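> Quick note on the working numbering: the sequence shown kicks off at 989 and runs consecutively.
Think of the hints as simulated: they come from the structure by calculation, not from any bench.
Small disclaimer: the values here were computed from a predicted structure and weren't measured.
Incorrect hints may appear among the rest.
As the list claims (entries may be wrong) - Listed next, the in silico SDA-like pairs over lysine to any residue satisfying Cα-Cα at most 25 angstroms (straight line): (1) Lys997 <-> Gln1051; (2) Lys1015 <-> Arg1002; (3) Lys1125 <-> Leu1091; (4) Lys1125 <-> Leu1135; (5) Lys1076 <-> His1041; (6) Lys1046 <-> Arg1008; (7) Lys1174 <-> Gln1148; (8) Lys1032 <-> Ala1050; (9) Lys1032 <-> Ser1017; (10) Lys997 <-> Tyr1062; (11) Lys1048 <-> His1036; (12) Lys1174 <-> Tyr1101; (13) Lys1128 <-> Leu1090; (14) Lys997 <-> Gly1011; (15) Lys1076 <-> Asp1159; (16) Lys1015 <-> Leu1075; (17) Lys1048 <-> Glu1191; (18) Lys1208 <-> Glu1191; (19) Lys1046 <-> Ser1079; (20) Lys1128 <-> Gln1109; (21) Lys1046 <-> Ile1179; (22) Lys1128 <-> Lys1146; (23) Lys1076 <-> Glu1189; (24) Lys1092 <-> Phe1156; (25) Lys1125 <-> Gly1098; (26) Lys1146 <-> Gln1173; (27) Lys1046 <-> His1018; (28) Lys1174 <-> Arg1134; (29) Lys1128 <-> Val1168; (30) Lys1208 <-> Gly1063; (31) Lys1086 <-> Ile1179; (32) Lys1076 <-> Arg1002; (33) Lys1048 <-> Arg1080.
To be verified - Between beta-carbon pairs, the in silico distance windows are: (34) Glu1190 <-> Val1167: 16 to 24 angstroms; (35) Asp999 <-> Asp1199: 43 to 51 angstroms; (36) Val1227 <-> Ala1123: 16 to 24 angstroms; (37) Ser1209 <-> Leu1115: 17 to 25 angstroms; (38) Pro1044 <-> Arg1222: 43 to 51 angstroms.
Where is the CB? At the ideal position from N, CA and C, for every residue including glycine.
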Amino acid sequence: FPVHECVFKGDVRRLSALIRTQGIAQKDSHGNTPLHLAVMLGHKECAHLLLAHNAPVKVKNAQGWSPLAEAISYGDRQMISALLRKLKQQSRESVEEKRPRLLKALKELGDFYLELHWDFQSWVPLLSRILPSDACKIHKQGINIRLDTTLIDFTDMKCQRGDLSFIFNGDAAPSESFVVLDNEQKVYQRIHHEESEMETEEEVDILMSSDIYSATLSTKSITFTRAQTGWLFREDKTVSGGELRA
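Given these sequences and hints, build the entire structure.
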């Protein structure tokens, strides 16, 4: 791992030369990218050089931590700000790159309405009753999608309920595609790409004062079964609508 070696030694000059020919997203035996290593060792010059060459910020190591999470754990505000800005830039570029394929897929997909019920369960008696749950309603028409939810926040084992709608307008310009509606307060907020310096600094404050979490979801135990109907003699449930039968 020549790039990792340069970062470990803090050899900025050699790193600058290697970046042109070597991959900077490669992981070592611990799952760390060169950017992970630069952040953890506090080698800021190496980190900024890697960021200037668009090193991935979102990628996680074997322990489930991203370079941004590592920077937060070390409390380096300057590094957190640099990583956060690069993460948002890469996220925007990723969305814009995938947008044509998304719109094409939405056009080919028929209109539908879907209700998604989810909840958390626990083996601890009565705990499942206070864990978060919700019923999300998804509407799709043309290349537009609307998701309605009632769960706003879950803190200190308490659910905060409301009436929010997330809207993706495929017909609008990329900078105006996403809108959040608060149906109770009758206000909306358009999710924009560019943020002010003050907004970024406020977000850094929140990151530095909040606990760091790394969540994983195991899909090994997930199974899909056909919906059944009937009491004594069970059979596969069928639903007829329009010209289809499912």
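> Does each hint fit the structure? Answer for all of them.
A quick look at each hint next to the structure:
no.: 1; hint: Lys997 <-> Gln1051; in the structure: 23 angstroms, holds
no.: 2; hint: Lys1015 <-> Arg1002; in the structure: 19 angstroms, holds
no.: 3; hint: Lys1125 <-> Leu1091; in the structure: 21 angstroms, holds
no.: 4; hint: Lys1125 <-> Leu1135; in the structure: 6 angstroms, holds
no.: 5; hint: Lys1076 <-> His1041; in the structure: 15 angstroms, holds
no.: 6; hint: Lys1046 <-> Arg1008; in the structure: 22 angstroms, holds
no.: 7; hint: Lys1174 <-> Gln1148; in the structure: 18 angstroms, holds
no.: 8; hint: Lys1032 <-> Ala1050; in the structure: 22 angstroms, holds
no.: 9; hint: Lys1032 <-> Ser1017; in the structure: 22 angstroms, holds
no.: 10; hint: Lys997 <-> Tyr1062; in the structure: 19 angstroms, holds
no.: 11; hint: Lys1048 <-> His1036; in the structure: 18 angstroms, holds
no.: 12; hint: Lys1174 <-> Tyr1101; in the structure: 23 angstroms, holds
no.: 13; hint: Lys1128 <-> Leu1090; in the structure: 13 angstroms, holds
no.: 14; hint: Lys997 <-> Gly1011; in the structure: 18 angstroms, holds
no.: 15; hint: Lys1076 <-> Asp1159; in the structure: 23 angstroms, holds
no.: 16; hint: Lys1015 <-> Leu1075; in the structure: 18 angstroms, holds
no.: 17; hint: Lys1048 <-> Glu1191; in the structure: 21 angstroms, holds
no.: 18; hint: Lys1208 <-> Glu1191; in the structure: 35 angstroms, violated
no.: 19; hint: Lys1046 <-> Ser1079; in the structure: 9 angstroms, holds
no.: 20; hint: Lys1128 <-> Gln1109; in the structure: 30 angstroms, violated
no.: 21; hint: Lys1046 <-> Ile1179; in the structure: 20 angstroms, holds
no.: 22; hint: Lys1128 <-> Lys1146; in the structure: 31 angstroms, violated
no.: 23; hint: Lys1076 <-> Glu1189; in the structure: 14 angstroms, holds
no.: 24; hint: Lys1092 <-> Phe1156; in the structure: 14 angstroms, holds
no.: 25; hint: Lys1125 <-> Gly1098; in the structure: 17 angstroms, holds
no.: 26; hint: Lys1146 <-> Gln1173; in the structure: 21 angstroms, holds
no.: 27; hint: Lys1046 <-> His1018; in the structure: 16 angstroms, holds
no.: 28; hint: Lys1174 <-> Arg1134; in the structure: 16 angstroms, holds
no.: 29; hint: Lys1128 <-> Val1168; in the structure: 16 angstroms, holds
no.: 30; hint: Lys1208 <-> Gly1063; in the structure: 36 angstroms, violated
no.: 31; hint: Lys1086 <-> Ile1179; in the structure: 18 angstroms, holds
no.: 32; hint: Lys1076 <-> Arg1002; in the structure: 28 angstroms, violated
no.: 33; hint: Lys1048 <-> Arg1080; in the structure: 19 angstroms, holds
no.: 34; hint: Glu1190 <-> Val1167: 16 to 24 angstroms; in the structure: 21 angstroms, holds
no.: 35; hint: Asp999 <-> Asp1199: 43 to 51 angstroms; in the structure: 35 angstroms, violated
no.: 36; hint: Val1227 <-> Ala1123: 16 to 24 angstroms; in the structure: 19 angstroms, holds
no.: 37; hint: Ser1209 <-> Leu1115: 17 to 25 angstroms; in the structure: 20 angstroms, holds
no.: 38; hint: Pro1044 <-> Arg1222: 43 to 51 angstroms; in the structure: 49 angstroms, holds
In summary, the structure is inconsistent with hints 18, 20, 22, 30, 32, 35 from the numbered list given earlier, while agreeing with the others.
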